[in-house]
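If you're matching them up, the sequences are chains A and B in order. For what it's worth, my numbering labels the leading residue of the first sequence as 506, then goes sequentially. For what it's worth, my numbering labels the leading residue of the second sequence as 506, then goes sequentially.
Quick caveat, the hints were computed from the structure, so don't treat them as lab data. Heads up, some of the hints might be wrong.
One copy or two, it doesn't matter: identical chains are merged, so the pair holds either way.
[Stated by the list, open to error] Cross-link-like lysine-lysine pairs, in silico, DSS-like; alpha carbons within 27 Å at most:
id	residue 1	residue 2
1	K721	K599
2	K758	K868
3	K635	K836
4	K738	K834
5	K730	K592
6	K868	K721
7	K863	K758
8	K731	K832
9	K834	K730
10	K832	K738
11	K715	K626
12	K548	K832
13	K731	K609
14	K626	K836
15	K657	K793
16	K551	K793
17	K629	K599
18	K599	K738
19	K730	K832
20	K777	K584
21	K657	K592
22	K715	K832
23	K609	K551
24	K868	K592
There are 2 protein chains.
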Amino acid sequence: MLKRYLLAPGPTPVPPEVLLAMAMPIIHHRSADFMPVLESARKGLKWLYQTENDVLILSSSGTGGMVGAVNNFFNHGDKALVINGGKFGERWTKICRAYGLEVKEIMVEWGYAVRPEVVEKALKDDPSIKGVFVQACETSTGVYHDIEALGKIVSKSGDTLFVVDAISALVAHDLKTDAWGVDIMVGGSQKGIMLPPGLAFASVSEKAWKRNASSKMPRFYFNFKKERENLLKNQTNFTSPVTLIIGLNEAIKMLQKEGLENVFARHARLAKATRAAVVALGLSLYTKESPSNSVTAVEAPAGIDGQEIYKTLREKYGITGAGGQDKAKGKIFRLAHLGYAGAFDVITAISGLEMVLKSMGYKLALGAGVAAAEEILMEDK
Amino acid sequence: MLKRYLLAPGPTPVPPEVLLAMAMPIIHHRSADFMPVLESARKGLKWLYQTENDVLILSSSGTGGMVGAVNNFFNHGDKALVINGGKFGERWTKICRAYGLEVKEIMVEWGYAVRPEVVEKALKDDPSIKGVFVQACETSTGVYHDIEALGKIVSKSGDTLFVVDAISALVAHDLKTDAWGVDIMVGGSQKGIMLPPGLAFASVSEKAWKRNASSKMPRFYFNFKKERENLLKNQTNFTSPVTLIIGLNEAIKMLQKEGLENVFARHARLAKATRAAVVALGLSLYTKESPSNSVTAVEAPAGIDGQEIYKTLREKYGITGAGGQDKAKGKIFRLAHLGYAGAFDVITAISGLEMVLKSMGYKLALGAGVAAAEEILMEDK
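Assemble the whole structure, with the sequences as input and the hints as a guide.
In structure tokens form, the structure reads like this:
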């Protein structure tokens, strides 16, 4: 028996409390049984999003929420400013182009965060830009973009919408939707929120709703206006994924018990411990600045293939982390500390990594990474 | 404690075997753990669909599959022939219009099935029609449209695509995708397939794939070509709803053990017993011809509100059936026998109905409906 550990940046482990709640018999989505469930989920998401806006709940992967964020608020030919610093930034560009938006990209070197002043200048240079698209955490590089700073800049810029893919950042980072002027913030279920894949979320500001009225693109499944009308009646437009929404309530209950500040602090601590351990092993972080609390991206040592590290961790030690994507493939590996994660998930990852690297001929002192992680993990206890 | 019984035409009850499989810890969707799961699901769906075509698996409600069936194979201005005999026929029209198709509707009186010769004439009169859209089971009226006859007609008609919403008919009806020339057949998880909501399915014929190449509508989330490319690698385009696909395999395993012919015969028997019981109670079927095996639609007796019957069944006896939709609201109620359903689900529904109607002043002999159902349910044993 090879005992398994899921340490990928999504899907993430689901707590047993949530799995059990989802294993209960199905209830009907248009019934009085379900309406309080959806009402509670709706309120819980507002709490998690730190917003007075309604947060829509969609039956899709997170990408469905990204598509909806483009499809409901823009028109063919509208100008979009996309911050592209990795695979998911690139996805914003692809979605915008699929719907005929004119995309201007701010290319950010992989491993680095966007400079807010570059965005500020781009908006000044072209006031006709209708939307700024960014990731909070760019999962492919482990970088956190400064949503607070960007929000302040976009807010000053007339009716430009600020659209944030927070799929892998929610729960791991303090994201103040309203205070920072985020117009649309997209989330997904299989990341910090500790659920199986199958739900996307999107908060929508009043400014964005105003824009929605003038957006004439064809849409049917991801129709945010209809979803909002339904949500206010504690319904969804189409059949609700009832099990996932039941699970969502359980997961939010757990997060509420811990408290938002503690949730963020836990993620920050686990991320810090992981980085300290990796550096203590003589490795370099792939994330050159502004590392996220969700996932740590590490460069493979010279002469060792990052994919081999990922595969050996998985096959020999049962630890599912992640390799690199696209141009980072082979060069890096990634370890997540997202959602249902605690101190000993970090220890497991680092211990596995030590054994894998040692077996591959990399010179290290066994236990050195673990010791460095423990230094951090002890700090708050 | 009010013990609960779910007898709605979706969501339907999920067998305990499936609920338990879905409660297992999460596995990663891009991992070797998951690829055999998806491969098995893909093969199982082909078996269930009776097709050599690949059957795509989408993370959405069934409506997402309907949207994809329009969005991937047609262009703005294309002519669509929609058979509209209920709320879901109307949905085809709405989706086609949302994407700029020119819709010609064949209006069918609610409770009746389309006459195949009317479709034949419409196609002859206008050879530029690019697609014919229909429901196999129109859930709002309980009618089964003759997919075999329609398939033969559309097949003769050049490159017109035959698009079937089989969301509530799959599993309950023998639907021969290939033999009957169905180009795109849409399914959903929360009906006969005995899963929670959250998956849509779509089989796509070679003829439809050829058309796909010339379809230029904007699309990103429901991109069938990309889903197919991924499926052939035992992947999905975006994050797979892993728990639901694990459940799908369990459910298909149960159906395979029973055997397709037995599955269809069971549904036909339960439907026949339900109709016989209702008629024995002096009630009239709302479905005037071609009743489906999925759901039985019944007219409320004179002076009694159909919604009150639905509500009293639910609140007093714990039985969740369904009321009427749109113009049938108040006039009818519906009882499903779909998916994880057996003889005593019918008996429960009819017994509950007898007690409810009696308490509302309707004249009946308690047990008369149950006796009529038993006559049918005994036939094959």
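Each hint tested on the structure:
In this assembly of identical chains, K721 and K599 lie within 27 Å of each other by CA distance both inside one copy and across copies; the values are 20 Å within and 15 Å between. Taking CA atoms no more than 27 Å apart as the test, K758 paired with K868 passes in neither setting, with 45 Å inside one copy and 50 Å between copies. For a Cα distance limit of 27 Å, the shortest separation of K635 from K836 qualifies neither inside one copy, at 36 Å, nor across copies, at 49 Å. In this homomeric assembly, K738 and K834 come within 27 Å of each other (Cα to Cα) only across copies, at 19 Å, whereas the closest approach inside a single copy is 46 Å.
Taking the shortest alpha-carbon separations for K730 and K592, only the inter-copy value of 21 Å comes in at or below 27 Å, while the best intra-copy value is 29 Å. Taking the closest pair of Cα atoms, K868 and K721 never come within 27 Å of each other, the shortest separation being 60 Å inside a single copy and 55 Å across copies. With identical chains, the CA atoms of K863 and K758 are never at most 27 Å apart, being 42 Å at best within one copy and 44 Å at best between copies. Taking CA atoms no more than 27 Å apart as the test, K731 paired with K832 passes between copies only; the shortest distance there is 21 Å, against 40 Å inside one copy.
For the identical chains of this complex, K834 and K730 are inter-copy neighbours only, at 25 Å across copies versus 40 Å inside a copy, given an alpha-carbon limit of 27 Å. Within a single copy, K832 and K738 get their C-alpha atoms only as close as 46 Å, which misses the 27 Å cut-off; across copies the closest is 21 Å, which meets it. Taking identical chains as interchangeable, the C-alpha atoms of K715 and K626 lie at most 27 Å apart only when both belong to the same chain, with a minimum of 26 Å there against 46 Å between chains. In this homomeric assembly, K548 and K832 never come within 27 Å of each other (Cα to Cα): the closest approach is 40 Å inside a single copy and 33 Å across copies.
Taking the shortest Cα distances, K731 and K609 sit within 27 Å of each other only across copies (25 Å), while inside one copy they are farther apart (30 Å). Taking CA atoms no more than 27 Å apart as the test, K626 paired with K836 passes in neither setting, with 33 Å inside one copy and 63 Å between copies. In this homomeric assembly, K657 and K793 come within 27 Å of each other (Cα to Cα) only inside a single copy, at 24 Å, whereas the closest approach across copies is 63 Å. For a Cα distance limit of 27 Å, the shortest separation of K551 from K793 qualifies neither inside one copy, at 33 Å, nor across copies, at 48 Å.
In this assembly of identical chains, the alpha carbons of K629 and K599 lie at most 27 Å apart only when taken from the same copy (24 Å versus 41 Å across copies). Only between protomers do K599 and K738 lie at most 27 Å apart by alpha-carbon distance; the minimum there is 22 Å, versus 34 Å within a single protomer. For a Cα distance limit of 27 Å, the shortest separation of K730 from K832 across copies, 24 Å, qualifies, whereas the shortest one inside one copy, 38 Å, does not. Proximity of K777 to K584 under the C-alpha cut-off of 27 Å is found in neither arrangement, the shortest distances being 38 Å within a copy and 59 Å between copies.
With identical chains, the CA atoms of K657 and K592 are at most 27 Å apart within one copy only, with a shortest distance of 25 Å there and 46 Å across copies. Taking the closest pair of Cα atoms, K715 and K832 never come within 27 Å of each other, the shortest separation being 39 Å inside a single copy and 33 Å across copies. Neither within a single protomer nor between protomers do K609 and K551 lie at most 27 Å apart by alpha-carbon distance, with minima of 32 Å and 43 Å respectively. For a Cα distance limit of 27 Å, the shortest separation of K868 from K592 qualifies neither inside one copy, at 32 Å, nor across copies, at 68 Å.
Violated hints for the displayed structure, listed by number in ascending order: 2, 3, 6, 7, 12, 14, 16, 20, 22, 23 and 24.
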